[in-house]
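K.L.:
Start from the sequences, fold in the hints, and give me the full structure.
Read left to right, the sequence shown gives residues -37 to -1, 1 to 79 (mature numbering (1 follows the signal peptide of the UniProt record, and there is no 0)).
The set of hints was computed from the structure by calculation and includes no laboratory data.
Since we're looking at a predicted model, the values are computed, not measured.
The reader is advised that the hints may include incorrect statements.
Now the in silico label distances, taken between C-beta atoms and shown as ranges [stated by the list, open to error]:
id, residue 1, residue 2, range
1, D34, T14, 19 to 29 angstroms
2, P54, C(-7), 35 to 45 angstroms
3, G47, L9, 11 to 21 angstroms
All C-beta atoms in this analysis are idealised placements derived from N, C-alpha and C, irrespective of residue type, glycine included.
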Amino acid sequence: MWRGRPESHFQRSLETDMKLRLLTFLLLLACVCLTLAQGSYEDCCLKYVRTVPKKIRHLVVAYRHQETDGDCNIPAIVFILRKGRVFCADPSQGWAQHLINRIDSRKHHKRPKRRG
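P.N.:
Okay, here's the thing in structure tokens:
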């Protein structure tokens, strides 16, 4: 037997269901927001190398600057080696600046290949 009207029990069940759905949605939304707010550190340098052997320096083919833009915490120069490996250097280090200049001069002096 129902106590009271059957519609009131049905109404409470709908309200509980809607509250549960809303709570689930809000929890999922919070998880997504937290994930996006953390940023992606997989492309960020978290520390510098102090020195790099000369034989490794000759394998460097490119570089890019890492800025402190909210995702990455330290400014760095990311040097890219021939096989895609990378290492990070402090931009204020003299050897890093010298390596940047050498890479830039290599790019400017590179001759286009002749087609024949």
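K.L.:
Compare the structure with each hint and give your call.
P.N.:
Now the hints, each set against the structure:
{"no.": "1", "hint": "D34 - T14: 19 to 29 angstroms", "verdict": "holds (27 angstroms)"}
{"no.": "2", "hint": "P54 - C(-7): 35 to 45 angstroms", "verdict": "holds (36 angstroms)"}
{"no.": "3", "hint": "G47 - L9: 11 to 21 angstroms", "verdict": "holds (19 angstroms)"}
The structure agrees with every numbered hint stated previously.
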